[in-house]
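Novice: As given, the protein sequences belong to chains A and B, one line each in that order.
Residue numbering for the first sequence follows this note's numbering, starting at 111 and increasing by one per position.
Residue numbering for the second sequence follows this note's numbering, starting at 601 and increasing by one per position.
One thing to keep in mind: the hints can contain errors.
Ranges between beta-carbon positions, derived for each pair [as the list claims (entries may be wrong)]: (1) A:Gln214 - B:Val788: 53 to 63 Å; (2) A:Thr249 - B:Val797: 30 to 40 Å; (3) A:Asn168 - B:Phe643: 53 to 63 Å; (4) B:Leu622 - A:Leu137: 44 to 54 Å; (5) B:Gly666 - A:Ile334: 23 to 33 Å; (6) A:Val317 - B:Val822: 53 to 63 Å; (7) A:Trp118 - B:His877: 32 to 42 Å; (8) B:Trp787 - A:Gln290: 36 to 46 Å; (9) A:Val317 - B:Trp758: 50 to 60 Å.
Since the hints were derived computationally from the structure, they do not count as laboratory data.
Just so it is clear, CB atoms sit at the ideal spot from N, CA and C, and this is done for glycine as well.
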Amino acid sequence: MSTAVNVWRFVWTCWKLNLAGAMEFRLSFLLTAGMMFVNNTVWIFFWGIFFHRFPVINGWEVRDVMMMWAVSAGGVGLMNVLFGHANRLATLIATGQLDAYLVQPKPVLLHVLVSRMSVAAIGDCLFSLVLFIIFGDLTPDGMAKFVSALVIATLIFLFFTLIVHSLAFYIGNAEGLSFQFYNGLLAFSTYPTDIFHGWGRVMLFTVIPAGFISYLPIGLLREIQLSYLLAAIGAALALTAGGCCFFYRGLRRYSSGSMMAMRM
Amino acid sequence: MHGVRQRSTEGGRRGSRLAKLLKYAAVGKVTIRNHLAYVTDFFIRSIFLIIILYIFIQLWNTTFRGEGTELIAGYSFEQIIWYLIFAESFVIACPSLSTKIEEEVKSGDIGYKLARPVSYLWFHYAGYMSEVFIRMPINLAVGGMLGILVLGPPGFGWGWPGFLLVSVGAFTINFLLNMMLALCAFWVEETRGLEFVYHKFLFTVGGMLMPLELFPQVLQKVCAWLPFQAIVYFAARTAVSFDAEAMWRMLGTQAFWIAGLGAALMFIYRKGVSKLHVNGG
């Protein structure tokens, strides 16, 4: 019990310090987060015009698409804010920068993941919140559902990213490959699941598990579809367990870069 | 005697103009050679283009089926997809001028660039045009492969040369607008944020994500007064729905914007250069 409390205290301290570091340059912080907000707004503009012209697409309405954006942007935002190094892991592995984490008495994976915060991703989180306030169900039940959707989305984003970046342990330079996979997951999770058919749809629930994220507004927020929800939770847990195993298995193959580094 | 002197002065002017043209052509040639070395890299980067186009094909396929019509806002399914292939290939081909100029200002490289016997703006324009005309055909080849696989070979006829012609004006306007923002580096340290926001205008009111005919009427009227439509929308529309009369109108609109924005760019450049202090060397 005391170990868990210690780990939690450590993670909390890392997050606090990351945020303090980001806030050191206030203007830059606001600009970076603001730009991500603007970036996401473009897609809201696109979908706004799209649904103005075509009110229903295979059962999806504008509210569902907005909530899909709230869940996806929130999920990827939380991943990059709280576990900001997930998206840089391939580089850390390929350049031998894990050494500094290996010698410290902390869980290696957790330590690596929480030691960076993406400032831009704070814009994603704010964007998600704004969309939820505008289009979401603001009752306690609705809020609970939204938080659950965010947790599922964050876990899928985080551990899928971890797996593709951990490929660097096995194939060396995996930056390009992991970048493409990550972008693929991100792109597919921001379009209605029901526009995909055949092999495309199969792929969304297997190779690139974006379907579990993009269907959350229908299968959880609009009404709970138990079979889908259990599958989404199962996928999130399987990715979590698989991701951790894949990372630690790969870590055994890691060879030090004999790099001198100091973490402050 | 006077006539001979006048003729020789005219000949000299023509020679100097030709020499200038050759100089910028050489800049373009060097840029092309530099970028040809990274063709494989460009192809790999185009993978994302395939993903996006695949998603849009699914989206519009579902939309057309849902609507049950052959045409939406005058576009068939094939035309919309090819429009997006051209538009995406066009936008992805544009390099970031803000990154370049910002680096030049921060590193002090600009001191050397300004001292060269070439115009700073024409130098960047020659490099920019060469780069986009290497990158765009590669993007088009990648996106076109997907288009041919899904829709079969397109029959655009005059749309191809029309697209090429309108592209020259479109890239020029994009260069002028982008350069105006990039030159803000003479006053402020970070200009990439401005460029980022500019790109978002290009994506939306510029018609990259969908043809402007799909916009609500009020928004279409607003877009008609903005320079953004003369970039992606004009080029992609000419390719997929060629109409000679409309193309000449588009070229006229582009000429108007090139003249206006060109003058504005010169003004900003002169103001900026007079303000610039380069230390060290």
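Novice: Would you mind marking each hint as holding or not holding in the structure?
Specialist: Going through the hints against the structure:
{"no.": "1", "hint": "A:Gln214 - B:Val788: 53 to 63 Å", "in the structure": "violated, 40 Å"}
{"no.": "2", "hint": "A:Thr249 - B:Val797: 30 to 40 Å", "in the structure": "holds, 36 Å"}
{"no.": "3", "hint": "A:Asn168 - B:Phe643: 53 to 63 Å", "in the structure": "violated, 33 Å"}
{"no.": "4", "hint": "B:Leu622 - A:Leu137: 44 to 54 Å", "in the structure": "holds, 46 Å"}
{"no.": "5", "hint": "B:Gly666 - A:Ile334: 23 to 33 Å", "in the structure": "holds, 26 Å"}
{"no.": "6", "hint": "A:Val317 - B:Val822: 53 to 63 Å", "in the structure": "violated, 42 Å"}
{"no.": "7", "hint": "A:Trp118 - B:His877: 32 to 42 Å", "in the structure": "violated, 52 Å"}
{"no.": "8", "hint": "B:Trp787 - A:Gln290: 36 to 46 Å", "in the structure": "holds, 38 Å"}
{"no.": "9", "hint": "A:Val317 - B:Trp758: 50 to 60 Å", "in the structure": "violated, 42 Å"}
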